[in-house]
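Sequence positions in the sequence shown follow mature numbering (1 follows the signal peptide of the UniProt record, and there is no 0) and run -29 to -1, 1 to 954.
Keep in mind that the hints were calculated from the coordinates and are not lab data. Hints may be right or wrong, so weigh each one.
Quick list of in silico lysine to any residue cross-link-like pairs, SDA-like style, CA-CA up to 20 angstroms [unchecked claim]: (1) Lys926 / Val886; (2) Lys155 / Ile233; (3) Lys239 / Gly228; (4) Lys813 / Arg843; (5) Lys220 / Ile233; (6) Lys475 / Asp426; (7) Lys180 / Gly197; (8) Lys268 / Ile233; (9) Lys425 / Glu500; (10) Lys848 / Tyr637.
For clarity, every value in this text was computed on a predicted model and none was experimentally measured.
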Amino acid sequence: MAPRVLWIYPSPSLLSFLLLFYAPWPCRALRNYPENEVTLLDSMSALADLGWEAYPNEGWEEISVMDERNTPMRTYQVCNVMEANQNNWLRTRHISREGAQRVYIEIKFTLRDCNSLPGVPGTCKETFNMYYYESNNANLWFIKESQYVKIDTIAADESFTQVDVGDRVMKLNTEVRDISNLSKKGFYLAFQDLGACIALVSVRVFYKKCSLTVRNLAQFPDTITGGETALVEVHGLCVNASEEFEVPKMYCSADGGWLVPIGRCVCKPGFEENKDFCQPCRPGTYKASATDAYCNKCPAHSSSPQEQAVECTCEKGFYRAEADPRAMACTRPPSAPENPISTVNETCVTLEWSPPRDTGGRGDITYSIHCRKCSGEGRKCAPCGSSVHYIPRQYGLSSTTVQVTDLQPDSNYSFTVESQNGVSDLSPTPRGTVAVNVTTSQTVSVVLKERRSKDSVTLAWQGPERPNGVIVEYEVIYYEKNQREQNYTVLKTRSNMMTVEGLKPGTTYVFRVRARTDGGYGSYGGEIELETSHEDVFAIGDPNQSTLLAVSVAGGIVLLVFLVMCFIVSGRHCGYIKAKQDPDEEKMQFQHGRVKLPGSRTYIHPHTYEDPNQAVRDFAKEIDAANIRIERVIGAGEFGEVCSGRLRVQAKREIYVAIKSLKAGYSDKQRRDFLSEASIMGQFDHPNIIRLEGVVTRCKPVMIITEFMENGSLDTFLKKHDGQFTVIQLVGMLRGIASGMKYLSDMSYVHRDLAARNILVNSNLVCKVSDFGLSRVLEDDPEAAYTTRGGKIPIRWTAPEAIAYRKFTSASDVWSYGIVMWEVISYGERPYWEMSNQDVIKAIEEGYRLPAPMDCPVVLHQLMLDCWEKGRSDRPKFGQIVTILDKLIRNPASLRELANSSACREDAAAADVSVNSVDEWLEAIKMGQYMENFSSSGYISLESIRYISISELAKMGVTLAGHQKKILSSVQNLQSQGTHVRV
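From just these sequences and the hints, can you work out the full model?
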């Protein structure tokens, strides 16, 4: 392409011509701009005159030249360098900004080197200025120079000379400037020449945008950039068949680029993502949730014949429950239970069976029991009705055993065991069932008196006419008539006749007999009263009579031993004990169903009463409902609402009380259970046991009235006041709880649910033991929890022997008390934190014990560890705990050493510490609380303690087994190490 030269003839004032620029010119077709730039003005693309305003007229001139395609191009030039004080302006037409706040100006120009112009005065310039003016008016014909805003002074990177023109090596200069924060409809550009030799080859005005794009299934439209540094927030629109998961948005930066996207869209159910759009699921696949990434293959026993499936349809005979996840295979109802077995014990039947062979593909198998009573040779059967009871329940059983009670004796029953799962209700076919027919036992119908003497009675009887199996043995019980069943003796025989010896002369006895077969015991026959003969009067001094008396006394002793042994064997029949007792406990007397320790008050269990209402009348005061004013509801229990209110007592002021009410529609059993707690509470009178004010039973609703505890349960109270109490205050709370438990232990009452949630706190911070419900049964639960009237009690409060063997004693209550101590010091933190119950059981079996809470004194954590001794006999009694806490309260200095800091020291390597006195030795082994005990007992030198024994420790007041072991171990260390003790 041949270069073109444009010759400009100067005005008459010029002395010579000037060469401004040359071709070749750039081709219009080759001017391709980036996609994110929108051009508002391009002088190179103009096909006609640009029509820009120039003033004065002899300044800038519009020049047309031809490009390589012979297409005219419009340029402007000015070269008045021979005259001083030049001020030549060139203004464009109105340029619409099209919403852009920031625009860019790209100029291409040539500029003559002043030194290459001969004879040009010093007024020659090599720069020019660029201005703009914002306006909503597109037809302004004149703008004052003072109204323009200067953009910049433009200088050339490359200027040309006369030699350059001859060699055709002149180059275009390109400069880009920008204008920010535009707000009016448009603007004018202006170029000011102050005496340079310039040619404007091209002027392009453009703005930048963020181009349309799709990110994370959201479409973001073309977006004009913001100001100089501003980011423009853009919300995306979800593409086809998608929906917002998190609001999609991006920011458009000032240079026209999208920043990292935030949020996203997801394909709707039945669609999956394919790059930037959503496509329907293919047949045989499905997508149930928008959050699923891809379509999944249909699960077993289901299909999807059409596209876009959100779930797969179950095959015939298979179903999907509403709560089943869509990804779960379709299932069917289970088959019938197998191998049913029945065991009859009097009027009680235990049913057992095996799980169904076909579970239908599910694990939520449950069982229901249906009972029908049959009579007559035709075996006409009718539903059993509500008189029959099921343990644990009739419907929704998870285990494969149930006990049915309160059946009629000598009756035929038909039981149907039904298996079902989560889709049984969806199937039209009958459920899988298996039938079991049983006959309850008959009573021993006749008891005959045959022979009697002053100390024996011979009985004979007839067995049942139709026993439930072969009779294995008969059981005879008897007791003195005036004592009823409180002290009875049990004898057994395989014969239908028995001589009962060792009876009191002239005394009336009551006898009852029942038979036992392989199916269990039958019910007792009717009572028979028999009186022994009166004893003869012996003459004093008669040797025969003396010998007989001696033999009688010896026989009485043997009989007494025999009766004690019988009582031990069958003691569980003699009244009711709340829990299995520790054989190491003190000996107890059983009278009128009560458990009594010598020298203590007697606790009488409500279950020993034939009429539970009598127990309520004996131990709870009846209150007139008119004296009670309920003020507000403060909670809800299993049986009804719990309210606070006032009780007006005759001749006394009103007192605040808590009121438990029995909701309407209760059954007799619910009423008995509700009032049994009052029967228990009414027997206790201690400042650290919740006090029963009375009951309302003669009108509805039935109510239990107790003292009102303003601060509620201890665990909640501690959580609300975390860190607000001194250690002495916390120890005082623990002392009150221990005192209440000592009182209960002395009455032989085993609480079995001691926890901070069952301790109530009044306004004076006095803690009182509560929750004396009766219904506590260990279930076969995977979490090994207890079921109580208050709900599930996690095993983390329960002693290991109580979990494993249901061995509840005062010692198991002591274990629970140790957990309560931990709760109090940690201000209500959950024991064992988030460990599962099974993990807790395993950890305890392996020797793990809870670490000391934050800021816990060493002596308190040691007492906790003593309560958690594996051996029940190694744990302290509640009386000992009260004594220890009393000493700590009297000696606050013993609480200063914290277990946390002590533990840090114990983590260091063990070392031998030299001790010079008994006090230093006790301090070194962390047994400083016993200084006074050793001193008062005469142990004042290290030599005196070298041969101390357990019995001597016990005498001086060191009764905790763990403390005894620790002291004796250290004594052995002293014997081998001299005056050094290893710590």
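Q: Go through the numbered hints given earlier and state which of them the structure violates, listing their numbers in rising order.
A: 1, 2, 3, 8 and 10
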